[in-house]
Amino acid sequence: MTSTPESPDGSTSHEPASAEPVAEETAVSEDAPTADDAVTNEPATVDDRLLAAHELALAALAEITPASTVGDPVDYVIEADGVVSLRFANRLAGYPGWLWTVSVAVVEDAEPTVLEVELLPAAGALLAPEWVPWAVRLAEYQAAQAAADEDESDDDLDDDDAVDLDDADDIADDIDDDDDADDDDFADGSTAVTHAGDVDGVDIDALDAGATDDDDSDEDSEDDSDEDDESDEDDDESDHDESPWER
9 MTSTPESPDG STSHEPASAE PVAEETAVSE DAPTADDAVT NEPATVDDRL
59 LAAHELALAA LAEITPASTV GDPVDYVIEA DGVVSLRFAN RLAGYPGWLW
109 TVSVAVVEDA EPTVLEVELL PAAGALLAPE WVPWAVRLAE YQAAQAAADE
159 DESDDDLDDD DAVDLDDADD IADDIDDDDD ADDDDFADGS TAVTHAGDVD
209 GVDIDALDAG ATDDDDSDED SEDDSDEDDE SDEDDDESDH DESPWER
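In this note's numbering, the protein residues as written are 9 to 255.
Because the hints were derived from the structure by calculation, they are not lab data. A virtual CB, placed ideally from N, CA and C, is assigned to each residue, including glycine. Please note: incorrect hints may appear among the correct ones.
Pair by pair, the computed Cβ-Cβ distance ranges are [to be verified]: (1) D157 x A88: 33 to 41 Å; (2) H62 x A131: 20 to 28 Å; (3) D117 x W142: 50 to 58 Å; (4) V144 x T121: 14 to 22 Å; (5) L134 x T53: 30 to 38 Å; (6) D182 x A156: 35 to 43 Å; (7) W142 x D55: 44 to 52 Å; (8) D162 x R99: 49 to 57 Å.
Produce the complete structure using the sequences and hints provided.
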């Protein structure tokens with residue numbers, strides 16, 4: 009009967025042969041930048057020359073923007089294929105929260121080179137509102153205009169009602185003023201009918217007397233005309249009474 013020999017420490021040979029390399033990789037990942045400093049899309053094996061290429065990045069930025077608009081280095085982002093994006097603070101007015109971003113890379117047996125330079129928004133940056141199609145914006149505008157027209161119509165009706173009430177108040181005030189004036193006219197105890205039948209200073213008796221005189225004169229003239237007519241008739245009768253021999 010045969011048996012398998014055991015190792016001196018009692019362990020079996022089934023343990024993974026790559027245990028030590030795994031620990032070694034873990035040690036490398038512990039030295040990699042944290043999420044607060046950089047976003048890592050690839051293993052943390054990065055050419056140190058790219059991380060230190062700030063002068064190269066600033067020279068590239070100077071070609072598109074004044075140096076006064078570029079601030080201090082903020083962080084870096086490890087992109088795919090070993091590309092590193094170096095990010096700098098932005099001092100350009102109107103772009104709060106945006107960062108100048110310079111992407112650099114290196115090929116074998118060559119110096120680092122600039123791939124791209126741009127201004128990109130960071131977390132919490134001020135962004136333009138979401139694009140809305142023209143048809144939607146036009147419909148919203150038309151709805152707003154219709155609502156405004158309705159409000160103006162309601163305001164006009166309210167104004168008309170207010171004007172009517174004001175006119176009624178003015179009429180009532182005029183009536184009150186007339187009543188007050190009448191009260192002031194008779195405040196001393198006088199009445200509308202004054203002495204000797206006068207009304208508001210007009211002598212009614214005098215008017216009546218004038219009217220009576222006119223009536224009397226008319227009657228006298230009528231009497232005179234009647235007398236004239238009678239005398240004419242008498243003359244005519246006397247003419248007819250003459251005898252034929254008197255003619």
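Hint by hint, here is what the structure shows:
1. Distance hint check: the CB atoms of D157 and A88 are about 57 Å apart, inconsistent with the given range 33 to 41 Å.
2. For the hinted restraint 20 to 28 Å between H62 and A131, the CB-CB distance of approximately 22 Å keeps it satisfied.
3. Distance hint check: the CB atoms of D117 and W142 are about 54 Å apart, consistent with the given range 50 to 58 Å.
4. The beta-carbon spacing between V144 and T121, approximately 45 Å, falls outside the hinted interval of 14 to 22 Å.
5. In this structure, L134 and T53 meet the distance hint of 30 to 38 Å, their C-beta atoms being roughly 36 Å apart.
6. In this structure, D182 and A156 meet the distance hint of 35 to 43 Å, their C-beta atoms being roughly 39 Å apart.
7. Range check, W142 to D55: Cβ separation about 48 Å, and the 44 to 52 Å hint holds.
8. One distance hint, 49 to 57 Å for the beta-carbon pair D162 and R99, holds here, with the actual separation near 51 Å.
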